[in-house]
Amino acid sequence: MSQREGSLEDSQDDSPISFLPHLEAKIRQTHNLARLLTKYSEQLLEEYVQQQGDPFGLPGFSPPRISLAGLSGPAPSHAGLPLSERLRLDAAALGALPALLDAVRRHQAELNPRAPRLLRSLEDAARQARALGAALETVLAALGAAARGPGAEPPATTTLSTANGTPGVFSAKLLGLHVCGLYGEWVSRTEGDLSQLVPGG
Amino acid sequence: QASSLKRGAIQSLKCTTSNMQVWDCTWTEPPGFSSGTVKEVCVRDRLRSCHRLETTNIKVAALSPGDHEVTVNYLNGFQSNFTLNEKDVSFIPDAPEVLSLSADFTTSTLHLKWTDKGSAFPYPLKATWEVKVLRHPRMETIKLASFNTTLNGRDTVHQWSWTSDLPLECAPHSVGIRRYINHHRFSGTKKWSAWSFLKNISWTPDSETNVFPQDKVILAGSDITFCCVSPTKVLSGQIGKTFCPLIHLYGENVAIRVQNISVSENSGTNVVFTTEDNVYGTVVFAGYPPDVPQKLNCETHDFKEIICSWNPGRPTGLVGPRNTDYILSESISGKSVVLKRFETLTNESCRLTFQMLPDQEVYNFTLTGHNPLGQAESVIFINVTERVAPHVPVSLKVKDINSTVVTLSWHLPGNFATINLLCQVEICKANSEQEVRSATIKGAEDSSYLLAVDRLNPYTVYTFRVRCSTETFWKWSRWSNEKRHLTSEA
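In order, the protein sequences belong to chains A and B. Note that the first sequence ends on residue 724 in my numbering; no numbers are left out. Note that the second sequence ends on residue 1135 in my numbering; no numbers are left out.
Isolated chain B (complex conformation) (with noise of 0.2 Å):
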């Protein structure tokens, strides 16, 4: 309402802005003027401009600060004049302009695109914007969400997303959205802009399915609910055997709310909506993500390859194309291998393959376990050669070489030719103690082992039986099989 108004004269004179620049002024006419009456409206600023106006309506240049005077002249040679200034005028921004909303209806989530027409503003501006959706037909508001940008003089497409309880495969949907911008610089009033035209959004059904959502794999714990889309009325509705309240959506269709939902079944947790001469269902698969991989340990058996075994830790309660997915990635080299699917029960370890590298004994593994619900990693960093767990040594033989000594000799698969392996060799006579004793032999490449063992008895039976390691000592092999020998007489 401008100030210093001439009692009696122009009425109820409101002045907007939208962008600053032009100041959109309209009133109405004193009493005994018709509106459509021609006039001129004189406004003084730095310098003085009239226009001629059959309206009650004139779009002036912005005015500079301060009161400014401004004259109505009529042809009857009525004039009325008022004072007008900035804080007379109020700041309206134009509505946003949404450029697209969009729907993943398989996460119900709403995307909405818009630009926020910075390029009005020259200078850096805080604005506020508001979006709401509205569920139809009730066209009731569901959401209202309110967040803080700057315009900075350019045209910037900003997105919001939001994922609604409701599947939005069930009730149509509407977003809206308008602006506030806190304009430091003005003194007049500021105010919302007018919401955006909405923009709608619905699914088309594609076939005759009518629950959703449809296979879901959601959180164990959570709270979800379903609908029901029926062309008649829904009896029942049900989460395994366990029946729930009907929501009513609109027309036949209806929704059930779940809460703290628990772990499905292998098959998945059905879902069923019951009407006179049908059933619709949908199955739902609560579950964890992946817990972080335990006991991770890689070692070799052979210098070939390298064992890595692990212990998935807490169920996840999912299998088949659920279940986890494993990949253990070498970063020095690069290479990863998967493990896909694993339907090995619990706390049974599971174990991966990774190929040696010539050249590397250092292997910086990450094991990452993957499922629908997350996923979660362990690390080990290992020098290979202090991992190794020889295969158990086979094909033991024992020959004399005289009364008091004897040869043993075995094979152990694997290319130990880079390193020396430390064997032990049990000596037992019968009902008489047991002895052990060490050796340290050159390692070779899948090859046999040779070792001389001295001060026996002659005539006398020995059992033997071999087990092999490595210098830098991570684990035995296990023991071969006893050789049951009579030394020789002397």
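Excised from the complex, chain A in its bound form (with noise of 0.2 Å):
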């Protein structure tokens, strides 16, 4: 059986693809680094948590979702969708993340000027989700399954608003929570969408 550039538009079951040896290695590379941030995210949110002071982290402290400009978090159908979609939808929000987790960062950096860890962390976070939105992409090209025309350009910078704009320093907490929360849910809903790329994944 001849090997070929698999392509995920063709394969709508769930039949075994079977990739070139540098593009399994480069899945496999990208699954891993997904697995990865899936941890790191979740140092993350437990960090950033303990720096924003009580009730957040206390058991009945469960602020809703906000509806936050530039993201939202994986819909419920995300996993009923094919793959090379799901796969698109993790490269956009990996692509968005950057942004708001570096906000996040400068808002803390005001916030929490002593808690060089957390800064750094959310430091790392953009820089990494930048890296794995990076590697998808590169993953998809190779698939064929890249997104239709040039995606929109992350802003480079944005600023920690939800969609009506609300200032103060509490909710600029809750959205830096928001935004961890996502950042988390997108590279584990990355990781496992990858794993059904991944040979014996």
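It is worth saying that the hints were derived from the structure and are not from the lab. Being a predicted model, the structure only gives us computed values, none of them experimental. One or more hints might be untrue.
Said to hold, decoys possible - What the simulated footprint calls covered on chain B by chain A, stretch by stretch (three residues with Cβ under 8 Å from a Cβ of chain A suffice, anywhere in the stretch; the number is not a length):
(1) 749 to 758
(2) 860 to 869
(3) 905 to 912
(4) 922 to 931
(5) 962 to 976
Said to hold, decoys possible - Here are the computed distance ranges between Cβ atoms for each label pair:
(6) ARG637/A - GLY866/B: 16 to 24 Å
(7) LYS549/A - ILE952/B: 39 to 47 Å
(8) ARG637/A - GLU1071/B: 40 to 48 Å
(9) PRO722/A - ASP922/B: 18 to 26 Å
(10) PRO1017/B - ASP647/A: 30 to 38 Å
(11) ASP1091/B - ARG637/A: 35 to 43 Å
(12) PHE1118/B - ARG637/A: 35 to 43 Å
(13) PRO1017/B - LYS562/A: 35 to 43 Å
(14) ARG637/A - SER881/B: 26 to 34 Å
(15) LYS562/A - LYS1120/B: 52 to 60 Å
(16) ILE952/B - ASP647/A: 32 to 40 Å
From the three backbone atoms N, C-alpha and C, an ideal C-beta is built for every residue, glycine too.
Could you use the hints to bring the two separately framed chains together as a complex?
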């Protein structure tokens, strides 16, 4: 059986796809990165919560989701979408996250200037999200499933604001919490989606 | 009530004046006369003046002190007369005129401006003002303030400010003012004016900010009220992890009262109101004003820069944009330098560098620390020539002159051309005593210095090191690195 550059678009069913060795290695590498970042994102969320003060982190405190300009969480229907579509959505989210994470870092740098570890974690997360997004784009391109047409260029910088632009430190704390949560969700979502590409994954 | 009134005639005569110029009298028609009956009212003062009226109200020029006969002649021949005296008149000033009512929502402060209409009285008079603040919707009086001024014949604008404990965003407020003028020359009754028209203040929601005050910085230990403007029922209100009893304002708006607030964490203390499906919150930063900068010291290492260092003292609990900024100002030159938002941890000394000024030896420094809760300062007056703590001498070298004399040379950064240096050489002979010799050396600019050391033993290992100060001693530099040297054979 000759090995060919597998294409996501052809295979709609779950039949195993076989890739060229270098592509398989790239997929495996990207999957491993996603798995690693999933763990880091949990640590980031914990660190973030710790630095915001009570009631953040307390059992009774569960603020509702916030409509965030630029990004929302994976839709419940995400799992039912074709793999290529899911990966494209993952890539788009990973493209939006760095600017949001950086905005959270800038706010925290003002609010918690004496929390260097949190600030470093946020900086790392932005860089890592960018790296994972780029790796995923590469995989998608190699599979001929990249997003059609030039994707919206993620904003170089963004400000932390909800759809209705509520100022205030508390709102910014909530937004930061939400962004860290989204980061974790999309990274773990990406890991799950990539695992279906990893042979024997 | 006018005295000596003919029983059964004019009844319940009331006279008032608001400006001491005009008396405004009203009465009720005697039995049998309907209102609107035409009559002639004559008043005897220096002259006798008569007025034809249909109403039972007459405005007459203020009468001179003493009794004045007033006659009321009806067309049917019925006549009534009575005497009128200043004592029978009530002085009720006009209600004050409010010029403006404004609110500073960030500080929850109302500012009321009004004119005292002093021009109505040509001579100084003591006036007492009363201001009331009402809170909607129950229009309960939550503040009643009273204070005195002097009317000085001119219309003077006054201002009164009041800081509400409840954020002004959370309930509309109305303000009214009235006055009482203690007219010492007036023998009649003096009464309060009517209240001015109420002026209203309310918050126009500009976004979905629901909790107030937003991001306030307050003194640790103070009391504060937080309020929540909520579209739906608020189930709980908490500060940090502590739940507080809800104070109902109106509609679904509620408040919590926090007493003796403790110092906040760096990211502030969260205040959260929870409804069925949402949380609303704010952050309060409770801390302290800057402490007086302690152990303020200013010295120079090189006669180019003056380094001032100090200990910030008690931590303020405030960081980031709320942290303490320091400004070091020098009064003789008028120059200053600023240290913005140092984030070093507490009890570490801070420092600022001030460029020395040519031809100025004496410096009068004021170091001021400022944060949102206040400021504190320390002062220090120095003569810089007496505050030299040279850098550590470097590049120490030893050169034989002969078997008992060597020359030491070292480099000392700094512009010491205008002063004399005092340097010490430590001479250690292996397994033997240690000797220190001092020497005064003419200073120079960023220069190397030479010093001859004699009375050494030939062919002996010595260890040398050097430190310097100035003739007007302040501090030694640190010792230079050591230099081992074997003197030449004799």
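**Request:** Taking the numbered hints from earlier one at a time, note which ones the structure violates and give those numbers from smallest to largest.
**Result:** When the structure is compared with the hints, numbers 1, 2, 7, 9 turn out to be violated.
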